[in-house]
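S.K.: Sequence:
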Amino acid sequence: MRVPLFVRHALYIAKGGFLVRPLAIALCLGTAGMTLSSVEEQFPLVSAWVPDLLFPSRSDPQVAQVILAGIAGSIMTVVSIVFAILLMTLTLASMQFSPRILLNFVRDGVTQWTLGVFLGTFCYCMAALPAARFAPTPFSPVATVFGAMVLALTCVGWLLFFIQHISQAISVNHIVDRIARDIEEVIDSIMPHPRTARTRSLFSGMSDEREQAVVVSRSGYVRYIDLSVLVARSKASHRRIRVTRRVGHFVPAGFPLFMVSGAKALHPEEVLALQGAVDMGPARTLQQDVEFGILQIVDIALRAISPAVNDPSTAITCIDQLSGILIRWCSRDPAETYIASPPHVVRVVMPWISTVELLDTAFEQIRHYAQTDLAVSLRLVRAFADMALCVVDEPLRQDLLERGRRVVQHFDQGLPAEDLAKLKTRLTVLEQACRPVVADP
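If you read the sequence shown in this note's numbering, its first letter stands for residue 694, the second for the next number, and so on.
No lab work stands behind these hints: they were computed from the structure.
Certain hints may be false.
[Claimed, not checked] Within a straight-line C-alpha distance of at most 20 angstroms, the following computed SDA-like cross-link-like pairs (lysine to any residue) qualify: (1) K1117 - V1039; (2) K1115 - D1066; (3) K928 - V1039; (4) K1117 - H1103; (5) K1117 - D1092; (6) K928 - A956; (7) K957 - R935; (8) K1115 - K957; (9) K1115 - D1079; (10) K928 - M973; (11) K1115 - P1005; (12) K1115 - L1094; (13) K928 - S1034; (14) K1115 - R1099.
[As the list claims (entries may be wrong)] Listed next, with one range per pair, are the computed distances between beta-carbon atoms: (15) S773 - E962: 34 to 42 angstroms; (16) A1001 - S731: 56 to 64 angstroms; (17) G763 - P945: 52 to 60 angstroms; (18) S864 - P1044: 32 to 40 angstroms; (19) P945 - R1099: 33 to 41 angstroms; (20) R1099 - P1027: 20 to 28 angstroms; (21) I1020 - S860: 38 to 46 angstroms; (22) G763 - N1003: 47 to 55 angstroms.
Every residue, glycine too, gets a C-beta built ideally from N, C-alpha and C.
Construct the complete structure from the given sequences, taking the supplied hints into account.
M.R.: Dropping the structure here:
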């Protein structure tokens, strides 16, 4: 079943928003506090199971008021301190690694649940506090106060868990690994089928027809294109739709993002339907944009090998994850550029980033800025060798071999002989991995 584009965008925001999940948890717990105190007032036997040790005087509302007010005040104090420290930590992390990684912390489920549980406990206490009163009839919501005490103890345990979690979450290995997992999910969604030996028809013989431009009404980055909508519109109007910019590109207002075949003028409703099939915004996202995720890892690697930081170990970690992502990419059938329905009837022409372009994004900047770093260069050549052993395309293997040779060429002069020998040994391994596969007779 096709999900409307605005619903998909709302779900993506809900998953990554820092207010949606905490707000929902806070509202649920606040409602629970209000409901439980109301039920307890109508049915006094509800509080009979609470131990007398906790409430020796059940007819004194002052005890309940002190406990609820004390928990609410202390919880908000802890929330203010913890999240002030968290924001300072994220600021330092963004300066050291990359500002783009802040999105990953915002999307972190543990952080969202932590804020939600703390705010929910505050809302629970505030919603239950009016029930503890002296007039007209003294009433002490014992069971509700006991629930507040359980929530307070839960917050203490959750705080310890959150501190342990955030100490791991700001480590570079954890950050890079999480970005890599998100990228692999995107690869699986846009390239769901494992690579096969079958050939694909590229429809290169398409006739040159007259095309009409459909421009975008506002500037922004292409974040998601609903191909099912485009195919449906193409079938309904019997026109071929060509997308001129791929996901991740910036498109200025007035630019023709769609080119529609046919000389007959487009109906305004058709134009609006095509414009509504694309999600655009001020920043790139990982909905369909594999390159954006790779750029985040590359940013971390470039900062790590800069003279100001000089942390080759972090750059090596990034290269390892990038090689794994590229192997995952190369193990899948390429995303359809020419989308046909039924077969051999082209409906949509959709540009996707190529493997070579993705390799350039992932490794070329690192190779350029690591020309004086032997450890990083060694790991680059090994990453190329690992990919060469996992890909089946012969031209791609030769491309990887050429990239490895460019890494070694920068060290031919001014490098000690023993270090140069290490690089050439690693290059030899790459050359062996890139040898043409000879079929058995």
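S.K.: A range of 47 to 55 angstroms was offered for this pair. Does it hold for the Cβ distance of G763 and N1003?
M.R.: holds (50 angstroms)
S.K.: Between K1115 and L1094, is the straight-line Cα distance small enough, at 20 angstroms or below?
M.R.: holds (17 angstroms)
S.K.: Next pair to validate is K1115 with D1066; report whether the Cα-Cα distance is within 20 angstroms.
M.R.: holds (13 angstroms)
S.K.: Is it true that the CA of K928 sits at most 20 angstroms from the CA of V1039?
M.R.: Given pair K928, V1039 holds - Cα atoms ~10 angstroms apart, limit 20 angstroms.
S.K.: Can you let me know if the beta-carbon spacing of S864 and P1044 is within 32 to 40 angstroms?
M.R.: Given about 37 angstroms between the Cβ atoms, the range holds.
S.K.: Does the structure keep K1117 and H1103 at a Cα separation of 20 angstroms or less?
M.R.: With a Cα-Cα distance of about 12 angstroms, the restraint between K1117 and H1103 holds, given a limit of 20 angstroms.
S.K.: Just tell me: holds or violated, for the beta carbon distance of A1001 and S731 against 56 to 64 angstroms?
M.R.: holds (60 angstroms)
S.K.: Compare the distance between the alpha carbons of K928 and M973 with 20 angstroms, and conclude whether the hinted pair is satisfied.
M.R.: Outside the cut-off at roughly 24 angstroms; violated.
S.K.: Given a hinted range of 20 to 28 angstroms, is it respected by the beta-carbon distance of R1099 and P1027?
M.R.: Cβ of R1099 to Cβ of P1027: about 25 angstroms, so the range 20 to 28 angstroms holds.
S.K.: Check whether the Cα positions of K1117 and V1039 lie no farther apart than 20 angstroms.
M.R.: violated (48 angstroms)
S.K.: Within 20 angstroms, alpha carbon to alpha carbon, are K1115 and P1005?
M.R.: Holds, at about 17 angstroms.
S.K.: Measure nothing beyond the straight line between the CA atoms of K1115 and K957; if it is 20 angstroms or shorter, mark the hint as holding.
M.R.: violated (65 angstroms)
Violated hints for the displayed structure, listed by number in ascending order: 1, 8, 10, 15 and 21.
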